[in-house]
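Please build the complex by placing chain P on the supplied structure of chain Y, with the hints as guidance.
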Amino acid sequence: MGQNIFREGTVSRRGGIVQFEGLEFIGLSGIFCCIPLIWFIIGVLLCVWVYRDAQSRGMEAALWLLIVLITGILGLIVYLIVREEKKPPSSV
Amino acid sequence: MPGIQEVLIEILNSVGGLVCHQLPERSFEIGGHLLCVCARDTGIYIGILVGLLLVVMGRRERSGPPSLYLILAMILPLILDGSTQALGLRTSTNQLRLVTGLLFGTAISPFLVYLLPLLPLPRRIPVLRSIVPSEPNLDGDDPWLPAHALAVGIVIDVVLFLLIDSLADSADPVLYWIVSLPIAISLILTIFVVPALVLVSFIDFYRRG
Chain Y
1 MGQNIFREGT VSRRGGIVQF EGLEFIGLSG IFCCIPLIWF IIGVLLCVWV YRDAQSRGME
61 AALWLLIVLI TGILGLIVYL IVREEKKPPS SV
Chain P
1 MPGIQEVLIE ILNSVGGLVC HQLPERSFEI GGHLLCVCAR DTGIYIGILV GLLLVVMGRR
61 ERSGPPSLYL ILAMILPLIL DGSTQALGLR TSTNQLRLVT GLLFGTAISP FLVYLLPLLP
121 LPRRIPVLRS IVPSEPNLDG DDPWLPAHAL AVGIVIDVVL FLLIDSLADS ADPVLYWIVS
181 LPIAISLILT IFVVPALVLV SFIDFYRRG
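As they're listed, the protein sequences go chains Y and P.
Under the working numbering, residues 1 to 92 are what the first sequence spells out, in order.
Under the working numbering, residues 1 to 209 are what the second sequence spells out, in order.
These are computed hints drawn from the structure, not numbers from a lab.
Possibly wrong hints are sitting among the right ones.
Chain Y regions said to be covered by chain P (calculated; three or more residues, Cβ under 8 Å) [unchecked claim]: (1) 37 to 44; (2) 59 to 67.
List of simulated lysine to any residue pairs, SDA-like, C-alpha gap at most 25 Å [to be verified]: (3) Y:Lys86 <-> P:Leu138; (4) Y:Lys86 <-> P:Asp141; (5) Y:Lys86 <-> P:Leu112; (6) Y:Lys86 <-> P:Leu115; (7) Y:Lys86 <-> P:Ser134; (8) Y:Lys86 <-> P:Arg208; (9) Y:Lys86 <-> P:Glu29; (10) Y:Lys86 <-> P:Leu119; (11) Y:Lys86 <-> P:Gly64; (12) Y:Lys86 <-> P:Leu72; (13) Y:Lys86 <-> P:Leu68; (14) Y:Lys86 <-> Y:Trp39; (15) Y:Lys86 <-> P:Pro136.
All residues carry an ideal CB built from backbone N, CA and C; glycine is no exception.
Chain Y on its own, in the form it takes in the complex:
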């Protein structure tokens, strides 16, 4: 058997959790923490876009914001299918 490359107390893939020392050594653990944050920011920006777009079309913007927030990409696709025609700018 080879040398144990895992830290004390961690279990291997078959146990569900792996913490490979090498990845932490080269500083990737910090990057890994950022990834969910970046996807979260993308999700928030997506919701903001849906809110503004729904508002510009006279739809229930808050409702669609909530739907896309909860359902993600599924909500976005449904929104794009059901959204109404953009209202032309009203002339005074």
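Just chain P now, with coordinates in the frame of chain Y:
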């Protein structure tokens, strides 16, 4: 010292562990090793690559999104399969997880590629510039990616499903790497390249005002 193969497998498992529960009973074992992600994620990540291959069938001069109804039809099976299981109404199988994952990944990646030009940066990146629609219009009726391209994707998914399912529990370690390589490429794209691209894009956008 552990062999290079063991180290690579552990790195793969570490990266897979970032996005997947890696439950052994929900993962395929090929060539004596469990894949680095579960059956559903195996489908999703390989499906993402299939979807990216379909992008070459896109027509840049067209502006409309890929068929949203077809995309919805392709992602719904996974959502139904996953949600009914999560609610405790039924238990899925690895075969069902794999095939619904493949359809989901194949549908979602061209859609996300279509949305990329909405960000300011991708239009300036040479490879992406030659792929993404020049003027995306979510209201457009002329789909950038024709429906038959997604149909080709479905056929590829069925073939891949039969192939991966037939490889499950096989003993040849080479087969593990044949299946793991596309998963690894897709994982790197999804959890490193795309977020980095989006982040740089926004930084660039706000820096320019």
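Hint-by-hint comparison with the structure:
1. 37 to 44: Holds, because 4 residues of the stretch 37 to 44 of chain Y bring their Cβ atoms closer than 8 Å to Cβ atoms of chain P.
2. 59 to 67: Answer violated; 0 residues pass the 8 Å Cβ test.
3. Y:Lys86 <-> P:Leu138: 11 Å, holds
4. Y:Lys86 <-> P:Asp141: 15 Å, holds
5. Y:Lys86 <-> P:Leu112: 23 Å, holds
6. Y:Lys86 <-> P:Leu115: 19 Å, holds
7. Y:Lys86 <-> P:Ser134: 22 Å, holds
8. Y:Lys86 <-> P:Arg208: 29 Å, violated
9. Y:Lys86 <-> P:Glu29: 51 Å, violated
10. Y:Lys86 <-> P:Leu119: Holds: lysine 86 of chain Y and leucine 119 of chain P sit about 21 Å apart, inside 25 Å.
11. Y:Lys86 <-> P:Gly64: 16 Å, holds
12. Y:Lys86 <-> P:Leu72: 23 Å, holds
13. Y:Lys86 <-> P:Leu68: Since the Cα atoms of lysine 86 of chain Y and leucine 68 of chain P sit roughly 18 Å apart, the hinted pair holds (cutoff 25 Å).
14. Y:Lys86 <-> Y:Trp39: Violated, at about 29 Å.
15. Y:Lys86 <-> P:Pro136: 16 Å, holds
When the structure is compared with the earlier hints, violations turn up for hints 2, 8, 9 and 14 and for no others.
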